[in-house]
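Under the working numbering, residue 256 is the last one in the sequence shown; the count climbs by one each step, no gaps.
Note that these hints are calculated values from the structure, not bench results.
No experiment lies behind these values; they were computed from the predicted model shown.
We treat Cβ as the ideally placed atom computed from N, Cα and C, and that holds for glycine.
Be aware that a few hints might be false.
To be verified - Taking lysine to aspartate or glutamate and the DMTMM-like style, the derived pairs with C-alpha atoms no more than 20 Å apart in a straight line are: (1) K213 - E9; (2) K46 - D156; (3) K205 - E26.
Said to hold, decoys possible - Restraint-style ranges between C-beta atoms, simulated for each label pair: (4) H244 - N125: 21 to 29 Å; (5) R235 - K136: 41 to 49 Å; (6) E229 - H128: 43 to 51 Å; (7) K27 - K56: 20 to 28 Å; (8) G139 - N20: 32 to 40 Å; (9) I51 - A165: 13 to 21 Å; (10) P82 - F246: 27 to 35 Å; (11) S123 - E229: 35 to 43 Å; (12) N13 - E119: 42 to 50 Å; (13) T224 - L91: 45 to 53 Å; (14) A165 - S118: 25 to 33 Å.
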Amino acid sequence: MKITIQNIEFSYNGFPVLKNVNNKFEKGDFVALVGPNGSGKSTLIKCMNGILKVRKGTVLVDNRSISSFSPNELAREMAYVPQSENRKAVLNVFDIVLLGRKPYINWKPSEHDLKITSEILDSLNLDHLAMRDFNKLSGGQQQSVYIARALAQEPDILLLDEPIANLDLRHQIEVLDLLKSLSQKGITVIIALHDINMAARYASKIMMLRGGKVFASGGREIITKENIESLYDIRVRIIENDGHTFIVPDGLQKYH
1 MKITIQNIEF SYNGFPVLKN VNNKFEKGDF VALVGPNGSG KSTLIKCMNG
51 ILKVRKGTVL VDNRSISSFS PNELAREMAY VPQSENRKAV LNVFDIVLLG
101 RKPYINWKPS EHDLKITSEI LDSLNLDHLA MRDFNKLSGG QQQSVYIARA
151 LAQEPDILLL DEPIANLDLR HQIEVLDLLK SLSQKGITVI IALHDINMAA
201 RYASKIMMLR GGKVFASGGR EIITKENIES LYDIRVRIIE NDGHTFIVPD
251 GLQKYH
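Could you put together the complete structure from these sequences and hints?
Written out as structure tokens, the structure reads:
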């Protein structure tokens with residue numbers, strides 16, 4: 001399922017955050033949104049799934065505007081994983097994931113809803129945690145559970161806002177490996193990401209944002225010394241090794 005962004009503009013309290021943003025992503029794309037703090041990555045994610053209402057422009061899912069979907073309809077097509085949640089309720093992992101079935105539940109969960117939840121936990125190797133208190137899990141485990149909850153919606157598009165923030169390197173790799181495997185199964189994955197090296201390693205498409213505008217967009221070929229230095233106002237070296245691209249910071253830009 002493809003998602004199209006057309007002429008998106010968004011403002012907070014009159015201050016423009018997104019300015020004429022356009023792009024198109026296809027079924028199975030793994031898209032990394034990168035750019036400095038305040039460039040509009042998280043805001044764009046929230047505009048794409050309708051959490052924030054755009055001032056101008058539209059977001060299309062298979063050529064249909066998201067504004068024409070009911071909340072439940074949209075939740076069946078597109079799932080969102082926020083950067084963090086302030087969850088105080090004591091729920092086990094199974095119940096957290098079962099919440100993802102909400103767009104399909106009229107009164108109470110059916111046997112099918114319970115079956116889907118169990119299958120997702122099993123497919124993500126989380127079944128052994130099903131009865132564990134969610135609040136007692138590690139950060140990496142909690143993030144995987146949030147992704148499982150999103151998958152319980154059976155979406156074709158998965159939007160994630162900084163899902164590896166505050167995770168150690170092992171758990172970052174676990175989460176990104178999982179997202180890569182989902183894209184290979186045909187789910188369109190769009191992720192806001194700070195780590196440009198992780199973006200270079202995992203993403204099939206990269207969208208660079210600066211000052212609320214699209215700075216560059218394309219495949220890994222846009223990860224160039226010139227683009228990275230202009231995007232972040234730093235000096236870098238680009239190293240190619242074993243088929244992978246690595247960006248090595250080499251200091252701040254010096255202006256005269």
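ask   = Is it true that A165 and S118 lie within 25 to 33 Å of each other by Cβ?
value = Holds: the Cβ-Cβ distance is about 29 Å, inside 25 to 33 Å.
Distance restraint hint 13 to 21 Å, applied to the beta-carbon atoms of I51 and A165 = holds (18 Å)
request  = Would you mind confirming whether the straight-line C-alpha gap from K205 to E26 stays at or under 20 Å?
outcome  = Holds. K205 to E26 sits at ~10 Å (cutoff 20 Å).
43 to 51 Å as the expected CB spacing between H128 and E229, which holds or is violated = holds (46 Å)
message = Is 35 to 43 Å respected by the C-beta to C-beta distance linking S123 and E229?
response = holds (41 Å)
message = Is 42 to 50 Å respected by the C-beta to C-beta distance linking N13 and E119?
response = Given a distance of about 44 Å, which is inside 42 to 50 Å, the answer is holds.
ask   = Within 32 to 40 Å or not, the Cβ separation of G139 and N20?
value = holds (36 Å)
message = Assuming the hint says 27 to 35 Å, is it satisfied by the Cβ distance from P82 to F246 or not?
response = Between P82 and F246, where Cβ atoms are some 29 Å apart, the hint holds.
task = Starting from K213, check that the Cα of E9 is at most 20 Å away, please.
result = holds (9 Å)
task = Take a look at whether the Cβ-Cβ distance between T224 and L91 falls inside 45 to 53 Å.
result = At 46 Å between Cβs, range holds.
task = May I ask you to test the hint 41 to 49 Å on the CB atoms belonging to R235 and K136?
result = holds (44 Å)
Assessment of proposed distance window 21 to 29 Å (beta carbons of H244, N125) = Hint holds: Cβ distance 26 Å, inside 21 to 29 Å.
Every hint, counting from the list given before, is met by this structure.
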